[in-house]
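J.: If you want the building blocks of each chain, they are given just below.
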Amino acid sequence: MADIYNIKKDLKVEVPSDVDQVFLVAKYDVLKHIRSKRLMAIGVILGLILVLITYLGTYNSTYQHDVAGFVGNYTGFVNTLIVIGVTLFAGDAIVSEFQGRTGYLLFPNPVKKSSLFAGKFLASVGIMSLVIVVYYLVAIVIGLVYTGSFTELSIYSMLLAILYGTAATGVAFLISSVMKTSTASLVLTFFMLFMILTLVASVFSLSGIKPTGELTFEGGTVSDIMQNPYPVDTVSNISMGAGGNGFVLHSFHADVGSAVIIEMAWIAVTFTLGFVAFKRREMVS
Amino acid sequence: MEYPIEIENLVKDYRGGFRAVDALTLKVPKHTFLGFLGPNGAGKTTTIKVLTNMLVATSGKASLNGIDVMTNPKMALADVGAVVETPEFYPYLTPNETLEYLGRLRGMNMPDIQRRSKEVLDVVKMTEWQDKRIGKFSKGMKQRLAIAQALLHEPSVIILDEPTSGLDPRGMFEMREVLRELKKGDYTVFMSSHLMNEVQEVCSDVALINRGKLLKTGSVETLLSEVRMKKIEVRTTKKMEPADFINVGKIPGVQGINALGENAFSLDFNGGDDEQARLLLDMQGAGLKIVTFKESGVALESLYMSLIKDSR
Numbered sequence: 025m026a027d028i029y030n031i032k033k034d035l036k037v038e039v040p041s042d043v044d045q046v047f048l049v050a051k052y053d054v055l056k057h058i059r060s061k062r063l064m065a066i067g068v069i070l071g072l073i074l075v076l077i078t079y080l081g082t083y084n085s086t087y088q089h090d091v092a093g094f095v096g097n098y099t100g101f102v103n104t105l106i107v108i109g110v111t112l113f114a115g116d117a118i119v120s121e122f123q124g125r126t127g128y129l130l131f132p133n134p135v136k137k138s139s140l141f142a143g144k145f146l147a148s149v150g151i152m153s154l155v156i157v158v159y160y161l162v163a164i165v166i167g168l169v170y171t172g173s174f175t176e177l178s179i180y181s182m183l184l185a186i187l188y189g190t191a192a193t194g195v196a197f198l199i200s201s202v203m204k205t206s207t208a209s210l211v212l213t214f215f216m217l218f219m220i221l222t223l224v225a226s227v228f229s230l231s232g233i234k235p236t237g238e239l240t241f242e243g244g245t246v247s248d249i250m251q252n253p254y255p256v257d258t259v260s261n262i263s264m265g266a267g268g269n270g271f272v273l274h275s276f277h278a279d280v281g282s283a284v285i286i287e288m289a290w291i292a293v294t295f296t297l298g299f300v301a302f303k304r305r306e307m308v309s
Numbered sequence: 423m424e425y426p427i428e429i430e431n432l433v434k435d436y437r438g439g440f441r442a443v444d445a446l447t448l449k450v451p452k453h454t455f456l457g458f459l460g461p462n463g464a465g466k467t468t469t470i471k472v473l474t475n476m477l478v479a480t481s482g483k484a485s486l487n488g489i490d491v492m493t494n495p496k497m498a499l500a501d502v503g504a505v506v507e508t509p510e511f512y513p514y515l516t517p518n519e520t521l522e523y524l525g526r527l528r529g530m531n532m533p534d535i536q537r538r539s540k541e542v543l544d545v546v547k548m549t550e551w552q553d554k555r556i557g558k559f560s561k562g563m564k565q566r567l568a569i570a571q572a573l574l575h576e577p578s579v580i581i582l583d584e585p586t587s588g589l590d591p592r593g594m595f596e597m598r599e600v601l602r603e604l605k606k607g608d609y610t611v612f613m614s615s616h617l618m619n620e621v622q623e624v625c626s627d628v629a630l631i632n633r634g635k636l637l638k639t640g641s642v643e644t645l646l647s648e649v650r651m652k653k654i655e656v657r658t659t660k661k662m663e664p665a666d667f668i669n670v671g672k673i674p675g676v677q678g679i680n681a682l683g684e685n686a687f688s689l690d691f692n693g694g695d696d697e698q699a700r701l702l703l704d705m706q707g708a709g710l711k712i713v714t715f716k717e718s719g720v721a722l723e724s725l726y727m728s729l730i731k732d733s734r
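If you read the protein sequences in the order shown, they are chains D and C. Mapped onto the numbering used here, the consecutive letters of the first sequence carry residue numbers 25 to 309. Mapped onto the numbering used here, the consecutive letters of the second sequence carry residue numbers 423 to 734.
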């Protein structure tokens with residue numbers, strides 16, 4: 025027992041670089057996701073969605089010779105899957121270190137807060153991307169079996185989904201860095217991505233203003249890209265009976281090029297703001 | 423490095439204006455085991471949190487091994503092991519995996535991590551649980567694991583925040599054994615506590631703090647020599663009668679008597695070692711058959727209470 029207390033006999037300790045620590049933090053956070061029930065939950069949801077869409081898609085033979093249309097059935101649900109995934113994997117990534125008191129174990133180590141934040145972000149994006157890739161692979165394989173063909177549009181859609189998922193993770197990390205409790209952070213993340221931002225886009229659309237820059241609107245490119253030709257903005261006059269009353273309905277679609285740039289901007293801004301909030305946050309209680 | 427831990431004019435104000443640490447200046451010499459003593463709310467944990475980069479100081483300086491914690495926390499904490507409050511562990515990891523994670527963050531290689539993990543888990547008696555997930559561990563087990571991770575990379579500086587807090591009597595006993603062993607090593611240990619007897623038992627030096635201000639610092643021996651008031655616990659073979667208490671009360675230096683049971687009592691005694699030896703003889707001379715006669719670890723408490731009184 026005595027040797028334990030005689031320090032620095034033959035131990036080589038050299039603090040790793042910031043980048044190495046980012047990957048180390050990410051590795052153990054991925055392990056957390058793999059061992060948590062949340063991954064199982066998203067797996068079950070993913071399975072149910074795939075089974076349901078496959079059943080409905082093959083039941084209706086409309087898409088038997090249209091692989092893009094067939095895979096498009098699946099991409100229509102990707103954004104919902106992303107919102108659920110981001111909520112589960114990123115919604116409380118930061119706040120849990122404070123509320124769960126694991127920060128008392130992690131923070132007194134020779135590691136910068138930026139490495140911790142980036143590592144956790146990388147892990148959340150990684151596991152989220154894995155879910156997206158699995159979903160698309162299954163959809164592509166089923167599409168190949170059912171229609172006998174493959175379209176590269178599904179790959180573009182998958183890449184756009186990963187980009188949208190990363191931007192949504194940025195939003196989740198920002199919320200998680202400022203909220204006091206995990207539950208509040210999870211709930212706000214879900215409603216922010218599922219309802220609040222969507223509602224903002226809807227209000228703009230109803231007013232006839234294209235909601236360019238709004239995240240969920242730009243995320244619409246994930247399913248839009250599966251349509252050939254790519255959908256364009258339309259204006260329809262909806263008549264409400266013989267009296268001449270009615271309203272104008274605008275249908276806007278984000279441009280893929282600008283969506284990529286705007287989503288990258290969302291990633292940069294939310295990541296930076298989230299990190300600043302995390303860095304300023306103190307382990308008080 | 424003569425002073426591995428240096429705190430200079432440290433001030434920490436919380437929101438709402440509450441000043442938890444008030445111009446605290448403290449230097450901890452190399453290879454000392456310093457007890458950082460104070461009541462709840464004295465500013466002990468806040469000071470430790472500033473030292474371990476969990477709080478940002480309002481003003482002042484804090485450095486570890488000569489490196490400023492506020493400007494370069496990564497390097498300042500490189501050779502430090504810390505247990506702050508009772509940390510929670512990742513429930514999905516086992517003790518071995520946790521030590522591997524922290525060891526790698528600190529820059530240890532895998533053979534060293536494996537060797538040291540075995541050693542430190544053995545020291546804190548957690549070997550049996552090394553491959554079980556931490557999720558269901560008790561608070562005591564987590565506290566022992568917290569000590570293990572602090573020792574893992576053989577740091578030269580160890581910072582402990584009330585390490586026996588939350589432990590059962592056996593756990594406290596085992597933890598003090600670990601602390602006593604640490605004292606024999608080459609570490610510089612900074613340990614906060616509000617348990618006077620614990621500090622008196624394991625620390626070589628002590629710093630007394632109240633309301634964020636340093637009241638006194640020095641070696642335990644020196645401070646104790648300044649205190650002549652002691653509490654002495656006595657157990658006798660027979661039941662103490664009122665007359666026995668009266669006789670004991672007449673012995674020079676006895677300031678007060680508190681019955682602790684039918685055949686046990688404690689004395690507030692003012693005197694040095696010679697007077698204390700005389701006290702035992704006088705009590706025996708008064709007809710008491712004494713089974714045990716021991717100084718309880720409250721000499722420091724007496725000093726502390728008088729300092730707190732003065733600081734108010």
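I should point out that these hints are in silico values taken from the structure, not numbers from a laboratory. Mixed in with the good hints there might be a few duds.
[Said to hold, decoys possible] Between beta-carbon pairs, the in silico distance windows are: (1) C:478 with D:43: 42 to 52 Å; (2) D:41 with C:616: 35 to 45 Å; (3) C:483 with D:100: 23 to 33 Å; (4) C:537 with D:172: 55 to 65 Å; (5) C:640 with D:215: 55 to 65 Å; (6) D:82 with C:437: 32 to 42 Å; (7) D:124 with C:540: 35 to 45 Å.
Note that this is a predicted model, so its numbers are computed, not measured. For glycine and all other residues, C-beta sits at the position ideal for the given N, C-alpha and C.
J.: Quick check on a hinted range of 35 to 45 Å for residue 124 (chain D) and residue 540 (chain C), using CB atoms only.
T.: 28 Å, violated
J.: Could you tell me whether the CB distance from residue 640 (chain C) to residue 215 (chain D) stays inside 55 to 65 Å?
T.: 58 Å, holds
J.: Quick check: does the Cβ-Cβ distance between residue 41 (chain D) and residue 616 (chain C) fall within 35 to 45 Å?
T.: 40 Å, holds
J.: Taking the Cβ atom of residue 82 (chain D) and the Cβ atom of residue 437 (chain C), is their distance within the range 32 to 42 Å?
T.: Because 60 Å falls outside the window, the suggested range is violated.
J.: Between the beta carbons of residue 478 (chain C) and residue 43 (chain D), is the distance compatible with 42 to 52 Å?
T.: 25 Å, violated
J.: Range first: 23 to 33 Å. Now tell me if the beta carbons of residue 483 (chain C) and residue 100 (chain D) are that far apart.
T.: 59 Å, violated
J.: If I claimed the Cβ atoms of residue 537 (chain C) and residue 172 (chain D) lie 55 to 65 Å apart, would that claim hold in this structure?
T.: 59 Å, holds
Hint compliance for this structure: hints 1, 3, 6 and 7 are not met, and every other hint is.
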